[in-house]
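Participant: Below are the chains, spelled out letter by letter.
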Amino acid sequence: METLALFLLILLAGYLGTGLVLRKISSRNFFPSGMEYLILGLLLNPGLYYFLSSNLTFDIFPPINNEILSKMAPVISGVTGLLGLYWGMKFSLVELLKTNREQIRVAIYDTVLSTVIIGSLAFASFYYFFPDPGNLLEILLASYALAVIGSMSSPYVLQKFREKYNITRKLSDSLNSAARFSLFFSLIMFGAIFSFYNFNTRPTMELTPIEFFTISIGIAIAIGILFFIFLGRESDSRKIFVGILGITMLGSGIAYYLGLSPLFLCFILGILLGNLSRIKEKVLDTIEQLISPLSIVITIYAGIIWVLADSTFAWLFILSFPVIKVIAKSFTHKIAVLAAFEKDRVTRGQGVVFLSSDILVFALLINYSTVFNNQYTPIIMSAIILNVFTLGFSSSFFTKRFLVESSEISGETK
Amino acid sequence: MINTIRRIFILVILFGLMVLTKTIGTSGEMSYPRTLAVLGFIILASFTLGELFQTIRLPKVTGYIFTGLIFGLSLFQFTNFEPLFLINQRITENLSVVNNIVLAVIALIAGLELKYSKLKKVIKPGLVIILFKFFFVFILITGSFYFLFPVLSQTLTSWQYLLAGGLLISIIAMGTSIELTIGVSEELDIKNDLVELTLSTSILKDLLNIILLVVVIFLIKMYLLPEHETVLSNPLITLLTDLGKTIIAGGILGVLTVFYLRYIKMEITFFLICLIIFGGYAASLFHLETLLMFVIAGMIVSNFAPEEEFEKATENLSLPFFIVFFTLAGATIDLSSAINYLPIAGALFLIRIIALFISVRSAVALVKSPPEIKRFGWSGFISTGVLMLGFSGIIASELPQISALVSGIIYDLILLNLLLGPIIYRAVLVYQKNEAETVQPEAVKTTVKVEYAKKLNEVNEDYQIAFAEPNFYDEKLNKIFFDLYFKTY
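As given, the protein sequences belong to chains A and B, one line each in that order.
The numbering of the first sequence is numbering that gives the first Met the number 0, which starts it at 0 and goes up by one.
The numbering of the second sequence is numbering that gives the first Met the number 0, which starts it at 0 and goes up by one.
Where hints are given, some of them may not hold.
What the hints assert, rightly or not - Per label pair, the in silico range of CB-to-CB distance: (1) B:Leu284 <-> A:Leu315: 42 to 50 Å; (2) B:Ile138 <-> A:Lys279: 55 to 63 Å; (3) A:Glu94 <-> B:Glu308: 29 to 37 Å; (4) A:Asp235 <-> B:Leu155: 49 to 57 Å; (5) A:Lys279 <-> B:Ser396: 43 to 51 Å; (6) A:Leu96 <-> B:Tyr115: 54 to 62 Å; (7) B:Val11 <-> A:Asp284: 26 to 34 Å; (8) A:Asn165 <-> B:Met265: 24 to 32 Å; (9) A:Glu162 <-> B:Ile251: 40 to 48 Å; (10) A:Glu94 <-> B:Arg89: 43 to 51 Å.
Don't read these hints as lab results, they were simulated from the structure.
The beta-carbon is built from N, C-alpha and C at its ideal position, and this holds for glycine as well.
Kindly generate the complete structure, drawing on both the sequences and the hints.
Facilitator: As structure tokens, this is what we get:
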């Protein structure tokens with residue numbers, strides 16, 4: 000009770016304190032909304048208090064300690080599960096099939112090629128330059144996770160500009176759609192990492208990663224079927240709420256227990272529901288009421304659990320990560336433009352649109368750090384958080400400039 | 000039929016998923032490894048079983064408790080069947096936070112019902128009935144427990160414990176479920192004076208029951224349990240101070256909520272969760288009465304803020320918490336003790352019905368309600384509410400020595416009232432409806448007779464007017480007669 004009360008009180012105080020003031024700044028500058036909560040999370044980080052205590056003559060006790068964080072872990076897994084369900088429900092297979100092929104191609108290039116480039120660089124750095132590299136599988140998984148989470152794109156900034164300047168032209172429409180699909184593909188790629196967890200850490204379990212991945216998809220489908228039968232064509236909002244809560248808890252709980260990603264499992268479940276359920280809109284309406292506060296919870300929690308890397312090499316890598324991402328995105332989209340069949344849907348320099356990240360990356364980080372806790376985890380966390388900060392702030396400027404240069408924003412547009 | 004099969008299928012899939020998870024997973028170094036999955040399982044399985052129970056016209060709540068019985072310690076003690084034992088002691092402990100949340104939610108909902116405009120209409124009959132109920136229930140139940148317990152349980156217990164136990168069971172016996180009353184009347188589509196009366200008193204009862212519980216626990220601690228006797232020099236002032244502190248805290252919570260709902264108005268659900276959890280924590284920290292505090296807060300909100308969205312959020316949030324609460328209650332029932340105490344609980348159940356019958360009949364006679372309320376009014380008060388299970392939890396934490404004596408009986412009594420209360424109420428409503436329909440033709444005949452007699456009288460009067468004895472001295476009439484006689488012949 001104490002844990003939960005304290006945590007929620009801090010969240011509410013943070014929400015009211017930082018949110019109301021900084022939300023206005025975020026809407027003017029278009030950096031991803033939620034950055035203020037990350038700052039709040041960093042201010043509550045136990046590490047900060049230990050650092051201050053060790054450098055000051057008196058002790059400062061952290062408001063949230065490691066015990067509280069450990070108790071909150073399953074709750075947070077449930078929250079990430081709900082976020083996964085929400086994004087899964089937004090992923091329309093019909094839209095995927097109807098969308099112009101060029102947009103899908105750009106999305107695939109953005110997801111796969113960026114991941115390969117960032118992952119390769121990360122692997123090389125960890126393997127050759129890290130003082131005590133550990134086993135190969137650990138390095139592989141860490142590089143892969145960093146690449147997938149780091150390269151994840153968000154259409155948030157572009158959408159905001161499209162709304163503000165009322166842009167409906169082909170290029171921005173195409174890039175917006177590509178960024179959305181890229182985000183979905185990244186989520187699917189992220190889920191695959193967790194199949195290796197049991198293989199790596201629980202040798203008694205006689206299942207290969209492929210078998211485990213299949214099982215996780217199977218469980219998601221089984222829960223999806225369960226949800227169908229449970230809700231049917233229900234119109235009672237209370238029953239829908241109970242159904243969503245129960246299914247998310249069950250899915251996230253099973254994923255948490257099996258060492259899978261709650262976000263990924265619920266994402267698959269969401270895809271099933273979003274594409275097949277007749278009460279999709281009602282379910283989405285109910286989830287949307289919760290998404291905003293839960294995103295805040297996730298962002299603050301990500302700030303709280305951030306552990307700083309302790310080696311100089313690690314910091315060199317972390318500080319250079321935003322540059323790596325910019326290079327990777329730039330190269331990827333050069334290839335995408337060269338390989339495009341419909342040239343009017345792509346343009347040079349479009350990589351800047353894919354630089355910004357969504358709050359969702361914090362949920363991925365939390366999922367990853369809950370299951371994989373090794374020497375690379377602090378590096379991944381620091382690199383991603385720094386990446387969100389730096390590129391989050393700068394991407395709105397670059398995206399706007401790109402839209403002006405590509406004549407998407409002109410005198411004609413509002 | 001299809002719905003029943005659908006629900007059974009849901010339970011099978013759920014159980015299969017849990018077995019699969021248990022088989023292929025290992026807890027590793029995680030904190031609370033299975034709690035989240037079991038929580039999801041509880042919500043879905045209990046809800047489904049509740050719906051199944053509803054199809055056989057039993058309250059959903061019994062379905063929730065039954066889920067706890069099947070998948071908890073209760074059944075495992077008898078069968079030792081491991082796969083069914085999903086809600087173990089560790090999970091119950093991990094989810095114990097739900098108990099506090101549920102109490103806060105119940106109290107908040109009760110408080111939100113206490114609108115001045117509503118209270119104004121029902122305060123007189125409501126208070127009279129509750130007063131009579133209080134009088135008869137306390138005397139009959141406490142007395143019966145005092146004399147029956149040693150005989151039926153074959154144990155020697157001190158008079159203080161017997162009296163304390165009797166008083167606590169009397170409080171449980173005072174409870175009435177507004178939800179079950181609404182459920183039965185809606186199912187039968189009946190909305191008459193009897194239903195109105197039951198509902199109107201239910202608005203008040205939660206607040207009064209909570210105050211009663213606080214006072215009784217305090218009195219037991221002060222005067223019946225020797226270990227507490229010498230702690231306080233002035234018990235009345237202490238009690239009033241405690242209540243005052245709780246009321247002030249509830250007021251502060253209420254004012255904060257009003258402020259939030261008026262000026263901030265964002266993320267109401269999130270705010271509600273924070274309010275409940277933080278309020279509950281503050282109550283335990285400062286030794287305040289959680290229930291009373293939230294009732295006061297709810298009352299302030301309902302009278303001073305635009306509360307529709309807040310009320311809706313509270314209702315939405317309450318259902319999953321209720322489900323988990325009842326399931327955990329079922330999972331922790333000690334079946335052997337519940338079976339042992341069944342005879343005494345059965346006797347108290349019957350005595351409670353008698354007490355309700357006398358009290359409602361007397362109260363209704365005083366407030367001059369229609370005759371059918373005098374005859375059947377008692378039936379609406381039998382089913383016990385959610386709050387009473389919460390009360391049993393409070394008794395267990397406040398008076399553990401008495402709780403050991405009465406918890407089994409309280410569980411049995413609540414279960415009997417939950418199971419049989421709606422059935423009796425339903426039967427009475429159906430009987431009343433049928434009676435009204437059979438009495439109606441007689442009434443119709445009587446009405447017709449009266450109408451005929453009325454018409455006959457009117458005709459008779461017309462006849463008498465038409466054929467009345469003529470005035471032979473009337474000149475006009477004599478002239479007519481003269482003309483008729485002499486001019487015709």
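Participant: Hint by hint, say whether it matches the structure.
Facilitator: Right, here's what the structure says about each hint:
no.	hint	in the structure
1	B:Leu284 <-> A:Leu315: 42 to 50 Å	holds, 48 Å
2	B:Ile138 <-> A:Lys279: 55 to 63 Å	holds, 58 Å
3	A:Glu94 <-> B:Glu308: 29 to 37 Å	holds, 33 Å
4	A:Asp235 <-> B:Leu155: 49 to 57 Å	holds, 53 Å
5	A:Lys279 <-> B:Ser396: 43 to 51 Å	holds, 44 Å
6	A:Leu96 <-> B:Tyr115: 54 to 62 Å	holds, 59 Å
7	B:Val11 <-> A:Asp284: 26 to 34 Å	holds, 30 Å
8	A:Asn165 <-> B:Met265: 24 to 32 Å	holds, 27 Å
9	A:Glu162 <-> B:Ile251: 40 to 48 Å	holds, 42 Å
10	A:Glu94 <-> B:Arg89: 43 to 51 Å	holds, 45 Å
Violated hints: none; the structure is consistent with every hint.
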